[in-house]
Structures are given as structure tokens and as C-alpha cells.
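Visitor: Counting from 1, one number per residue, gives the positions in the sequence shown under my numbering.
Simulated from the structure, these hints should not be mistaken for lab results.
These numbers were taken from a predicted model, which means no experiment stands behind them.
Hints are all accurate, no fakes.
Cβ-Cβ distance ranges computed for the label pairs, FRET-style: (1) Ala-84 with Asp-53: 14 to 22 Å; (2) Ala-55 with Pro-24: 23 to 31 Å; (3) Glu-18 with Met-46: 37 to 45 Å.
All C-beta atoms, glycine included, are put in the ideal place defined by N, C-alpha and C.
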Amino acid sequence: MARKATSSSSSKGRKRRERPDRRPRKLVCYFCTEKIDYIDYKDTAMLRRFMSDRAKIRARRVTGTCGRHQRELAVAIKNGRELAMLPYTGLQGDSR
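Taking the hints into account, I'd like the entire structure generated from these sequences.
Guide: Shown next, in the form of C-alpha cells:
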């Protein structure tokens, strides 16, 4: 049987918007630029910058940290969690 050519529903009467050619900005490691040698687990304000609102450790591609400092950051966050300075989970208010 031969198929009948049909137009797709997404192209029906819609014009595609042209996106400007924007390149994402180059992320640089915060710890390298500030010349921080040791990531202190007691500095919770700085560590929270690298955590999501659900208390997950943000990825390198999001924060821009280099590999060495990302590993040290993860260890510092985990030490802070162990000593109850940082949360393991985010807010508990939203229940499903």
C-alpha cells in the first residue's frame, strides 16, 4: 500500500523563530581564580554556592570548577554534611 503524504502538525502554519548565534560564556574555576588552596568544610556559605536547592552537589559543567577542585569540593561538602553543618536533603515542605 502506498502512504499518503501528510504534513506534520508542528509545521502547520507556524513560523520558526531565528535564534541569535550566542555562545555560552566560558566558565572558569572559582577556586583557581581566587587562588584557594584548601576548601574548608566549615565555610558553609561558600559551599552552598555549589549545591542545588535540593542539597545536591552541582556538576562541573554547571559550576565551572576544574576536576581537582570539584573532587575537593565534594569531599568538603560530604564532611560538612557528616558534621550536620550542611543538609543531606533540601526542604521537606513539598510532599507529593
